[in-house]
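**Student:** Build the full structure now, drawing on both the sequences and the hints.
So for the sequence shown, full-length UniProt numbering puts the first residue at 1; every next one is plus one.
Any given hint could be a false lead.
To be verified - As a list, the in silico DSSO-like pairs of lysine-lysine whose alpha-carbon atoms are at most 30 Å apart: (1) 196 x 126; (2) 198 x 295; (3) 196 x 295; (4) 449 x 334; (5) 126 x 334; (6) 126 x 295; (7) 334 x 295; (8) 126 x 198.
Quick caveat, the hints were computed from the structure, so don't treat them as lab data.
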Amino acid sequence: MSRLSRTTAQAQLPAYLQNEAPAIGLVHLGPGAFFRGHQAWYTHRAMQLAGGDWRICAVSMRSADVAAALQPQDGLYYVASMEQQTELELVGSIAEVLVAPSQYGQVLARLTAAQCRYVTMTITEKGYCLNGRGELDLTLPVVAADLALVEVQPDGSVRAESAIGLLVQALFLRYQANLPLLTLMSCDNLTDNGHKLKAAVQSFAAHALAYREQAGFLAALQQLICPCSMVDSITPATDDALRELVQQRTGLTDAWPVKREAFVQWVVEDVLPANQPAWRQAGVIFTPDVTAFEKAKLRLLNAPHSTLAYLGSLLGLETVLDAMSHPELSALVKQLVQQEILPSVPALQGLDLAQYSAAIFQRFLNPSVRHLLAQIAWDGSQKLPMRIIPVILDNLQAGRPVRLLAVAIASWLQFIRRRVLQQQLPEPVPLVDPLAASLLAIAAQCSGKAANDVPLWLALDAVFPASLSQQPAFVTALSRAYDLLNHQSATDAVQPQWNLLLNGDPV
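**Tutor:** Shown next as structure tokens:
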């Protein structure tokens with residue numbers, strides 16, 4: 001079986017690769033499966049429609065796995081759109097994959113090339129190095145280390161570890177070379193992502209003496225374009241079954257194809273320069289204000305997704321489909337959305353929110369998309385402050401209920417407790433979270449009883465605003481849900497009292 005490449009897939013290549021390939025015009029940080037099924041796919045479609053020098057240099061900030069898979073394939077890979085019928089599409093928008101730790105000079109060369117205009121990124125919420133207020137966390141070791149390196153040498157001869165440090169370094173080099181600044185596009189599930197990215201870049205520059213002394217550079221950063229955006233498409237992890245499907249359909253071996261649901265959406269704040277890929281023609285929605293789209297997606301898709309992940313994991317379930325097929329869990333999550341989340345989402349012109357929510361639940365039931373709850377459960381300390389806690393705060397202020405939202409939070413806390421219990425197993429299950437050490441330390445002090453545990457959790461100000469511990473309605477609801485989900489086993493499934501979880505205490 002031949003390996004996928006421009007030579008072996010000659011007959012299937014997109015039109016823009018049939019002759020001389022377009023030049024690289026974009027750099028992307030974080031070339032995971034979502035990016036390859038989403039932004040890279042949209043850019044592929046844009047070049048199919050209108051051409052242009054918009055191929056992508058994909059940069060991995062840590063792992064070399066994607067580079068090892070795609071470089072021998074000339075950056076080519078298949079996207080499998082999985083509904084009732086699975087459709088394969090060969091994507092050629094990625095020109096190269098670089099690994100920052102070992103190819104840092106080449107990464108900077110791409111970022112500072114005259115033809116490079118945009119940087120997109122999917123580095124997850126934790127990649128922005130923000131604190132609980134959404135500002136650059138100067139106390140993080142990676143940020144402090146990058147700031148110290150800049151003081152030694154700001155010209156690119158030292159390697160930044162953080163994405164923010166790398167971006168500021170590249171922007172400074174472009175400024176020195178009288179090149180236009182890059183347009184920076186966050187594509188992560190981070191509320192107000194463009195504004196937070198711009199503020200983090202400006203903060204890093206302002207706290208580094210080597211940059212701070214360059215008044216013109218700091219002034220230039222005020223004009224930096226960082227549009228807010230919202231992205232959506234469920235993208236499960238690649239498995240061997242997908243690789244086998246690609247081989248059967250194409251006769252070629254693809255080391256890392258991507259599968260996703262057919263639904264795909266990208267909403268971008270309409271502030272981009274005139275020189276841009278034909279993303280509009282490819283289906284990207286441009287709008288003056290992304291906030292309403294962002295809030296609808298975070299609350300109506302991501303919040304129930306996280307709830308399914310944590311509560312489903314406690315129940316011993318494996319996938320989103322498993323969770324949605326569990327009658328009581330499915331009923332609870334639908335009730336959560338109907339009673340406590342939908343009322344918090346502002347009206348969006350042209351979008352029926354109830355229908356949008358119902359369509360999301362239908363997407364969760366897609367039998368062709370095997371989305372692991374364990375994957376969704378990663379990085380809860382970064383996700384829940386974006387997905388669920390703002391809804392709680394809004395509801396408390398408006399006098400709306402928070403009982404089921406508290407169940408969602410309680411399921412995460414008990415999920416962390418289970419990870420501590422699992423440390424005693426022959427093969428311990430790790431907690432994937434940037435605050436794992438702090439979370440596990442708190443969980444180790446927990447008994448499983450709310451009276452002891454809830455105050456310990458609410459004291460974690462990196463996740464919970466201090467005001468929440470002063471809200472009796474929330475503390476009472478959280479404590480009740482926490483006790484209902486209590487367990488003492490590392491492996492046995494929780495057996496909740498569903499009538500109480502669904503309906504609350506009897507009158």
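**Student:** Determine for every hint whether it applies to the structure shown.
**Tutor:** Checked hints:
Annotation: proposed proximity of residue 196 to residue 126 holds, straight-line Cα distance about 13 Å (limit 30 Å). For the proposed pair residue 198 and residue 295, the alpha carbon gap of about 20 Å is at most 30 Å, so the pair holds. Distance check on the hinted pair: residue 196 and residue 295 sit about 16 Å apart at the alpha-carbon level, within 30 Å; holds. With a C-alpha separation of about 27 Å, the suggested pairing of residue 449 with residue 334 holds against the 30 Å cut-off.
Restraint check for residue 126 and residue 334: satisfied, since their Cα atoms lie roughly 29 Å apart, inside the 30 Å limit. Pair hint residue 126 plus residue 295 holds up; C-alpha atoms about 19 Å apart against a cutoff of 30 Å. In summary, the hint linking residue 334 to residue 295 is supported, as the alpha carbons are separated by about 18 Å, within the 30 Å threshold. Taken as a hint, the residue 126 and residue 198 pair is honoured in the structure, with Cα atoms around 16 Å apart against an allowance of 30 Å.
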